[in-house]
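Q: Using the UniProt record's numbering, the first residue of the sequence shown is number 1, and each one after it goes up by one.
Derived from the structure by calculation, the hints contain no laboratory data. Every residue, glycine too, gets a C-beta built ideally from N, C-alpha and C. Take the hints with a grain of salt, since some may be wrong.
[What the hints assert, rightly or not] Subject to a maximum C-alpha distance of 30 Å in a straight line, what follows is the list of computed DSSO-like cross-link-like pairs (lysine-lysine): (1) Lys199 with Lys175; (2) Lys122 with Lys73; (3) Lys195 with Lys103.
[To be verified] Across the chosen pairs, the derived CB separations fall in these ranges: (4) Lys162 with Trp193: 18 to 24 Å; (5) Ala144 with Ile75: 34 to 40 Å; (6) Ile109 with Arg177: 38 to 44 Å; (7) Val72 with Gln107: 18 to 24 Å; (8) Asp123 with Lys29: 22 to 28 Å; (9) Gly88 with Arg148: 26 to 32 Å; (10) Lys162 with Lys50: 18 to 24 Å.
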Amino acid sequence: MEENTDLKMEKASRSQEKQDENEGAHNLKTLHGSTTIKVEKIIRHPHYKKKGWVNDVALIQLATAINPSQKVKIISLPNDPIQEGQEGNYDCHTTGWGRTRGKKGSQAIVLQEVKIPIVGHKDCQRKWAMVHENEMICAGGNNAGTCRGDSGGPLACIEGGKWILRGVTSWGHKKCRTDFFSVYARVSTYVDWIKSKTK
C-alpha cells in the first residue's frame with residue numbers, strides 16, 4: 001500500500017465522503033497524538049454489490065502521505081491467500097471503535113483490539129450461507145468479534161514478524177453475537193486492483 005492510501009470497506013467510505021482522516025488516533029475524545037489528513041479521493045470497487053456485500057472495498061486517497069511513527073504504521077498487503085485448512089496457523093487481530101456490547105451497547109471511545117481466529121470457509125458457511133469464498137474471509141468465535149462501528153477496520157495477522165492486512169471488516173451478526181463469525185473483505189483477492197489504483 002502507498003503511504004497516501006487507506007483501504008476501507010465500501011460502506012465506511014460512503015460515510016467518509018466529506019471527512020478528513022485522523023491517523024494515529026487511540027482515544028476518540030482527545031485525539032491526542034493523532035494527525036488529521038484531508039481525504040483527496042475515494043476509489044470504490046467497480047463491482048461492489050450492496051446486496052450480499054460482495055467486493056465491499058474502497059481505497060481512500062489522502063492529500064498527503066502518512067508519516068509512519070510509533071502510533072502510525074504502514075501495513076503490508078498479502079502475497080497469497082490463506083489456504084483452506086491452514087487457518088489455525090495465523091496469529092490475527094482486529095481493531096475498531098465499534099460497540100462493545102451488542103445492539104444497545106455504547107460505542108468504544110478507546111480503540112479496541114482483540115486476537116481473533118481465522119475460520120475456514122465451510123465452517124463459516126454453516127453460520128452464514130451467503131459468504132462468498134473468493135471475496136470474503138471469516139474470523140471470530142471464542143467470544144471475539146466485531147460489532148457496529150467497526151466496519152472498515154483491519155484484520156491484521158503477524159506473518160514472518162511483519163503485519164499483513166488479511167481482511168477489512170465488512171459485516172456480521174446484527175446483534176453482534178460472538179457465536180456467529182465476523183465477515184471481512186478478503187484482501188488477497190483485491191491486491192491487483194489495489195496496486196492498479198495506487199501506482
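Q: Hint by hint, say whether it matches the structure.
A: Hint check:
1. Between Lys199 and Lys175, the direct Cα distance comes to roughly 40 Å. Violation of the 30 Å bound is thereby established for this hinted pair.
2. A distance of roughly 33 Å separates the Cα atoms of Lys122 and Lys73; the hinted pair therefore is violated under the 30 Å criterion.
3. Annotation: proposed proximity of Lys195 to Lys103 is violated, straight-line Cα distance about 37 Å (limit 30 Å).
4. About 22 Å separates the C-beta atoms of Lys162 and Trp193, a value consistent with the hinted range of 18 to 24 Å.
5. For Ala144 and Ile75, the Cβ-Cβ distance of about 20 Å falls outside the hinted range of 34 to 40 Å, so the restraint is violated.
6. For the pair Ile109 and Arg177, the beta carbons lie near 23 Å from each other, so the given range of 38 to 44 Å is not met.
7. Between Val72 and Gln107 the beta carbons are some 22 Å apart, a value that agrees with the proposed interval 18 to 24 Å.
8. Roughly 38 Å separates the CB atoms of Asp123 and Lys29, a value that falls outside the hinted 22 to 28 Å.
9. Separated by about 28 Å at the C-beta atoms, Gly88 and Arg148 satisfy the suggested range of 26 to 32 Å.
10. At about 34 Å, the beta-carbon gap between Lys162 and Lys50 misses the expected band of 18 to 24 Å.
When held up to the earlier numbered hints, the structure conflicts with 1, 2, 3, 5, 6, 8 and 10 and fits the remainder.
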